[in-house]
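*Asks:* Given next are the chains, with one letter for each unit.
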Amino acid sequence: MSEISLAKADLDSARRELRRRKLTAFLFVAPLLVFLLFAFVAPIGSMLFRSVHNPNVAELIPDTLDQLRDWDGEGLPDPEAIRQLAIDLKRLANDRTSGRLAGEVNRIQPGASSLIQSTARRMRGVDDDELAASGDVLLLEAHANWQRVEIWRAIRESGRAYTIAHYLTALDLERTPSGEIQPRDGPRIYVALYAQSLRIALTITLLTFLLGYPLSYYLANAPARISNVLLIFVLLPFWTSLLVRTTSWIALLQTNGVVNTFLMGTGILSSPLSMLYTEFATVIAMTHILLPFMILPLYSVMKGIDPSYLRAAMSMGAKPIPAFFRVYFPMTLPGLSAGALLVFIVSVGYYITPALVGGSDGQMISNLIAFHMQQSNNWPLAAALGSLLLALILLLYWTYDRLVGARNISFG
Amino acid sequence: MKKLVAALVGAGTLLFAAGSIAQQQTLTVVSFGGAYGAAQQRHMVDPFMEKTGHRILFEDYSGGIAEIKAQVESGNIQWDVVDIEVIDLERACAEGLLEEIPRDILPPGDDGTPALEDFMEGALDNECGVGVIFWTTLYAINTETIGENKPSTIQDFFDTEQFPGKRALRKRPQVNLEWALIADGVDRAEVYDLLATDEGQARAFAKLDTIKDDVIWFDSWSQAPQLLNDGGAIMVQSANGRFYAAIQDDGRPFEMIWDAHVYDLDVWSIVRGSPNKELALEYIKFATSTVPLAGMQEVAYGPTRKSSAPLVDPAVLPLLPSSHIDAGIKADGIFWADYGESLGEKFNEWLLR
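Order-wise, the sequence lines are chains A and B. For the first sequence, the positions run 0 to 411 when numbering that gives the first Met the number 0 is used. For the second sequence, the positions run 0 to 352 when numbering that gives the first Met the number 0 is used.
Heads up, none of these hints are tricks.
Computed footprint of chain B on chain A; a stretch qualifies when at least three of its residues, placed anywhere within it, have a C-beta under 8 Å from a C-beta of chain B:
{"#": "1", "stretch": "85 to 96"}
{"#": "2", "stretch": "105 to 115"}
{"#": "3", "stretch": "349 to 363"}
Pairs of lysine to aspartate or glutamate residues, derived as DMTMM-like cross-links and limited to a Cα-Cα distance of at most 25 Å, are as follows:
{"#": "4", "chain 1": "B", "residue 1": "329", "chain 2": "B", "residue 2": "120"}
{"#": "5", "chain 1": "B", "residue 1": "149", "chain 2": "B", "residue 2": "325"}
{"#": "6", "chain 1": "B", "residue 1": "305", "chain 2": "B", "residue 2": "99"}
{"#": "7", "chain 1": "B", "residue 1": "276", "chain 2": "B", "residue 2": "49"}
{"#": "8", "chain 1": "B", "residue 1": "165", "chain 2": "B", "residue 2": "258"}
{"#": "9", "chain 1": "B", "residue 1": "305", "chain 2": "B", "residue 2": "103"}
{"#": "10", "chain 1": "B", "residue 1": "276", "chain 2": "A", "residue 2": "94"}
{"#": "11", "chain 1": "B", "residue 1": "149", "chain 2": "B", "residue 2": "248"}
{"#": "12", "chain 1": "B", "residue 1": "68", "chain 2": "A", "residue 2": "156"}
{"#": "13", "chain 1": "B", "residue 1": "276", "chain 2": "B", "residue 2": "58"}
{"#": "14", "chain 1": "B", "residue 1": "305", "chain 2": "B", "residue 2": "281"}
{"#": "15", "chain 1": "B", "residue 1": "276", "chain 2": "B", "residue 2": "59"}
{"#": "16", "chain 1": "B", "residue 1": "211", "chain 2": "B", "residue 2": "155"}
{"#": "17", "chain 1": "B", "residue 1": "284", "chain 2": "B", "residue 2": "126"}
{"#": "18", "chain 1": "B", "residue 1": "329", "chain 2": "B", "residue 2": "192"}
{"#": "19", "chain 1": "B", "residue 1": "276", "chain 2": "B", "residue 2": "124"}
{"#": "20", "chain 1": "B", "residue 1": "165", "chain 2": "A", "residue 2": "278"}
{"#": "21", "chain 1": "B", "residue 1": "149", "chain 2": "B", "residue 2": "258"}
{"#": "22", "chain 1": "B", "residue 1": "68", "chain 2": "A", "residue 2": "94"}
{"#": "23", "chain 1": "B", "residue 1": "206", "chain 2": "A", "residue 2": "360"}
{"#": "24", "chain 1": "B", "residue 1": "284", "chain 2": "B", "residue 2": "45"}
{"#": "25", "chain 1": "B", "residue 1": "165", "chain 2": "A", "residue 2": "360"}
{"#": "26", "chain 1": "B", "residue 1": "211", "chain 2": "A", "residue 2": "278"}
{"#": "27", "chain 1": "B", "residue 1": "149", "chain 2": "B", "residue 2": "186"}
{"#": "28", "chain 1": "B", "residue 1": "284", "chain 2": "B", "residue 2": "109"}
{"#": "29", "chain 1": "B", "residue 1": "211", "chain 2": "A", "residue 2": "360"}
{"#": "30", "chain 1": "A", "residue 1": "21", "chain 2": "A", "residue 2": "9"}
{"#": "31", "chain 1": "B", "residue 1": "206", "chain 2": "A", "residue 2": "184"}
{"#": "32", "chain 1": "B", "residue 1": "329", "chain 2": "B", "residue 2": "189"}
{"#": "33", "chain 1": "B", "residue 1": "68", "chain 2": "A", "residue 2": "58"}
Cβ-to-Cβ under 8 Å is the rule here; a few derived chain A residues that face chain B:
{"#": "34", "residue": "185"}
{"#": "35", "residue": "191"}
{"#": "36", "residue": "367"}
{"#": "37", "residue": "376"}
{"#": "38", "residue": "377"}
Keep in mind that the hints were calculated from the coordinates and are not lab data. Ideal placement from N, C-alpha and C gives every residue a C-beta, glycine not left out.
Full structure from sequences and hints, please.
*Replies:* Laid out in structure tokens, this is it:
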């Protein structure tokens, strides 16, 4: 109704003003949006895409793949297809890209790398006419392994530009030549590692809760003079380099380290415990590192709780413990949710601390992702493992939202 | 008037200086750092800058080809010259990540021997690299804590009855699987053929099983001397130069065991698409000439030219891998290009089991 009472000019100027404000607001947010787009959305998008899309082989040997399309996967392919591969290999050897083909096929069939490389080098020395006439014979003569059907299947398989094979591998599954999906006939490590990462992350979340809750309670209720000093002790390690804190755990936990020397000096132990390079070391070091993420949201939420609620409950006859659990604790849940989610999500993808103190049984899925990024250079598999980790965390967040409600999260 | 002349001369000098700065190029050279990097800095990087007037940014990395691959694939080349292990070189070169280095540009040795004859076997095997050092992976003991009975062979490394205590190995299949087979009685010449088969791999893992509870796994060579020093482990695997530096510079009571050491080369390579390729070639020509190569003896890595041998300190000679070739095996880059990934997965599975 109010619109009618406004003159048209007023209405226009009001709209203009509104637009101007929206634009200003947008300009204020724009740098952050641009940053998020480049630093967050684009890399994740590219990771998701890379995990299903790998056009390397399809771009390197399109003609051979064309020829292999009608092959039934049993026995050797047609001589034309074999000849075409010989011609393609010569071209790749001249461009020095045969190694890319070798690397891709080798992922499916270990040992194929040197076979393709040595054959490509040989084809380089053959002239084009001879290749066109009898390339198939020359290729099969180059190495006995070209008689193996698995090599040809691997070439065809690696030629698919879009594939879910990396997701299957990441779930310890594989596809048989006939197309069925079955448990992988090779090392099965990834599912176990996801489970281990979740278990370690849950343990750490629980430990930070047990250690952080009483401390936050004390901090929130202590006189400002004491709580300010104690808060510095919480924040100081928070500002210290992650590497320094991890390394100091090495000094503490190692065989002749501080803890063992103390326990043996006081006669509690007769021989040193091996604590470093175990899951125990990973859990204890990460609990220490992530503790502030639990304490800070808890503290700021507790700080806002009026102490008179608890007093009121007790004045109405509640015993201290039930009063705490039925009145105080529910009010701290938003901070607890925030802290627990932060600690859990940060720890499930943790990399550097498990790598340094975890030994063999304290490893997490990120260590394998790093292995495939840096050592085996299997980026598509690393991308698939990373995408699954992301999906897992989103799934857990969704479950959490259904059970507790994400709106309950509060950082204070 | 005098002032004006002085000012003009001053301005002229400034302009001249600016001109020469514009001609000065900057080359980014990347290597492994530590004592080894310091030796390269002293004998290759600094003398080259002094000789040519160009600037070198000397950076560290921890090996592997992931960063080179990322730079070449994105077309954003940051590195010009890289020190790369032969075990990675095979793959990097074949994937087209490195430039070919023509052999005819390499200068003859200081004694006049043509380059192709002067370089040792293996140093020029791959067209993308020129050998810098021979180095090796072996294990060492701490003579202060080991006691009377000293291990001396690779069998001893796997013998937990005679030598109880922790062993430290780098967390990867390379070298460890070779050692397991040799300790299990396999002839050194047949190790890689056997490792290419399922039975051979099973045998190597079975041998590693016998010491699994006694092994500390570490991730970087730099952790190794520390493990041996603080008594966490009684036998520790590392690169010979790391132990040498700990013995020489820090006076640690370590002793290297040369049995079944696995030796390899490092080479200088040029990242494909480097905008400073000409200067990079100049640098490699200089850095792989007789005198700079001989400087690598400071960290007990052997020079790759025969003409450098007379310049090596006789006291260091017995500590160079080249003096123990008969006791060791050469790391097989082609084998690891084939099986590095599949054995890496199997190794990780074995660790978790």
